[in-house]
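J.: Here is how the chains run, residue by residue.
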Amino acid sequence: MAEPLLSVDHVSCRFGGLLAVNSASLTVPAASITALIGPNGAGKTTLFAIISGFQRPSGGVVRYQGDTITGLPPHELAWRGIARTFQIVQLFAGLSVRENILVGAHLRHPKRSDALAAADIVGREVGLGAMLDRSADTLTVASRKRLELARALATEPKLLLLDEVLAGLNPAEIRDIAPIIRNLCARGISILMIEHVMQAVMSLSQHVFVLAEGCVIAEGTPTEVAANHEVVEAYLGHGAAKKLGGAHAH
Amino acid sequence: MTGVRPILAVVIALAAVPLITDSNTVLNFLVVTLLIALAGQGWNVLGGYGGQYSFGHAAFFGTGAYVTAILQVRYNANAWVGFAAGIAGGAAVGAFIGALTFRVGLRGSYFALVTLAFAEVLRIIASVAPITGAGVGILVKLDLRAAALQFESRAMFYWFILALVAVALMIAHAIERSRFGTWLIAVRENEDAAKALGVNAPRVKLGAMVLSAAITAAAGCFYVQYFLFIDSGIAYGTRLSIEALLTPIIGGAGTVFGPLLGALVVQALGEGAKLIAGDAPGLNLIVYGAVLVLVIAFAPRGLIRLVDDANRWLSRSAKLESAHG
Chain A
1 MAEPLLSVDH
11 VSCRFGGLLA
21 VNSASLTVPA
31 ASITALIGPN
41 GAGKTTLFAI
51 ISGFQRPSGG
61 VVRYQGDTIT
71 GLPPHELAWR
81 GIARTFQIVQ
91 LFAGLSVREN
101 ILVGAHLRHP
111 KRSDALAAAD
121 IVGREVGLGA
131 MLDRSADTLT
141 VASRKRLELA
151 RALATEPKLL
161 LLDEVLAGLN
171 PAEIRDIAPI
181 IRNLCARGIS
191 ILMIEHVMQA
201 VMSLSQHVFV
211 LAEGCVIAEG
221 TPTEVAANHE
231 VVEAYLGHGA
241 AKKLGGAHAH
Chain B
1001 MTGVRPILAV
1011 VIALAAVPLI
1021 TDSNTVLNFL
1031 VVTLLIALAG
1041 QGWNVLGGYG
1051 GQYSFGHAAF
1061 FGTGAYVTAI
1071 LQVRYNANAW
1081 VGFAAGIAGG
1091 AAVGAFIGAL
1101 TFRVGLRGSY
1111 FALVTLAFAE
1121 VLRIIASVAP
1131 ITGAGVGILV
1141 KLDLRAAALQ
1151 FESRAMFYWF
1161 ILALVAVALM
1171 IAHAIERSRF
1181 GTWLIAVREN
1191 EDAAKALGVN
1201 APRVKLGAMV
1211 LSAAITAAAG
1221 CFYVQYFLFI
1231 DSGIAYGTRL
1241 SIEALLTPII
1251 GGAGTVFGPL
1261 LGALVVQALG
1271 EGAKLIAGDA
1281 PGLNLIVYGA
1291 VLVLVIAFAP
1301 RGLIRLVDDA
1311 NRWLSRSAKL
1321 ESAHG
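Note that the protein sequences, when read in sequence, are chains A and B. Take the first sequence: its position 64, counted from the start at 1, is 64 in my numbering, and no numbers get skipped. Take the second sequence: its position 46, counted from the start at 1, is 1046 in my numbering, and no numbers get skipped.
By construction, these hints were calculated from the structure, which means they are not laboratory data. Errors might be hidden in some of the hints.
[What the hints assert, rightly or not] Pairs of lysine to any residue residues, derived as SDA-like cross-links and limited to a Cα-Cα distance of at most 20 Å, are as follows:
(1) A:Lys242 to A:Ile217
(2) A:Lys111 to B:Phe1180
(3) A:Lys158 to A:Gly188
(4) A:Lys111 to B:Asn1200
(5) A:Lys158 to A:Gln65
(6) A:Lys158 to A:Pro29
(7) A:Lys111 to B:Arg1179
(8) A:Lys158 to A:Arg108
(9) A:Lys111 to B:Val1004
(10) B:Lys1141 to B:Ala1092
(11) A:Lys111 to B:Gly1003
(12) A:Lys111 to B:Glu1176
(13) A:Lys111 to B:Met1001
(14) A:Lys111 to B:Val1031
(15) A:Lys111 to B:His1173
(16) A:Lys111 to B:Gly1207
(17) A:Lys111 to B:Met1170
(18) A:Lys111 to B:Ala1174
(19) A:Lys111 to B:Ser1178
(20) B:Lys1274 to B:Val1031
(21) A:Lys111 to B:Thr1002
[Said to hold, decoys possible] Listed next, with one range per pair, are the computed distances between beta-carbon atoms:
(22) A:Ala117 to B:Asp1192: 25 to 31 Å
(23) A:Ala167 to B:Lys1319: 40 to 46 Å
(24) A:Arg187 to B:Ala1095: 40 to 46 Å
(25) A:Glu76 to B:Tyr1110: 49 to 55 Å
(26) A:Asn183 to B:Ala1290: 55 to 61 Å
(27) A:Thr138 to B:Ala1095: 38 to 44 Å
(28) B:Trp1313 to A:Pro39: 30 to 36 Å
(29) A:Met202 to B:Trp1313: 50 to 56 Å
(30) A:Arg187 to B:Leu1292: 51 to 57 Å
Cβ atoms here follow ideal geometry from the backbone N, Cα and C, with glycine treated the same way.
Sequences and hints are given; from them, build the entire structure.
T.: Here is the structure:
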């Protein structure tokens, strides 16, 4: 197997007495969709913050395209091609949809006219073409999520970190946005997604890592992970796997 | 977003004033108004576009003023050289304060307090140091030659400060249309989101601080050439810091014309109050306070946007009218 695009190697992160991430390791192969799942408070978002440079790990190494990137600032990582979205959307509320995307587009396009053209293309690609002139704070939740995705895409990333980009959307909205994500992967953008919507995880991702209490407790294809009794217990509590019967237990 | 044409129109209209009147009162009023508008435009670059609210822009105004004065009086430098050095000196102070505060990530009220503290420290130093004339201040020799950057006619002074304001307006215009400005506004709107999109926030803020300081320092340099006197209270006093931040906020922070409009309103009301109540000390502060309260209550985004909103409202009712007619 070729060297993965991203590898997280025994990364830990401690906040005072709380070990949020405990020696977690995972890899993201090039041109793939990898999911990171786990119960609330498992440390998924902290791990994302470490990968994207917002949080310095207490230990461990993050490698990207063969380089050690541990502790580099977020803007430097964005230059190298790592883009992220935020679990709680962080829009530029006072700006229009187009201006929001423009900020990301300027990373690769110093000239305003080029950046504006690039922003329009990305905006249409995620289905915001009709709303480019609207103020970002007038958008619905679903459109805000799309805008958050568009902004990250405008930086022309190689690796896209999606933090619950489907959360809060209704099934129809999820059906609309899932093909966009699949298309990105087909275009060669690797995706690491934190997701609670299991249906989407199952249908979109090729590989799943499960984080619980800061540790990676399982990994594999979506079906392997769903059948893993440790995973079931992490979600549903001790003994749950047994109660569910032999079907899930190994 | 403001185009070049409105800027040209406003500058040309203002430039024509001395051709209509040679009243010293009118010109003096306008010179002081433009001086404050220039200081305010400096603040606007950092505070209006960048969202970093400085309470100590006197630090840059005063440094510009003192460098200009000291070079001429103590080192016999040419006034134009002194003027340029004053701008550079103000920018350097901006770079110093910016490097210290933005590196450690000071935001919001912490940033405001630190800038205020820097201005106060400079004021105290300037009030005791021999080179700044300590408590006495510095008098610049009267030398009414263009080579000494002093003009016999008030109109020339007026055109000179108008030219500086025009440059500042063009800088604001350029900020609105550049990558640097887009990134600066992004930092104002949401710093974390900006970082995730590749914006080097500390560097962008530092750049804005240096530019902002340079513009406000230019106002200080002009002050010395116009009044030929500077002391620590004028240079580094809180009055200038307050005027530099109030005028853009009242006129419209983060807009090209906000500081100019704010300066006009504040100065006009201040002078009006003087006519009615005489030159009572602190009167101007009362006027600023009252105007600020009214603006925050009724036009929280500044008077310039009130004009925009009114225009939109008028055109909408005009449309309705024609639809019914």
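J.: Looking at the structure, which of the earlier hints fail to hold?
T.: 10, 14, 25, 28
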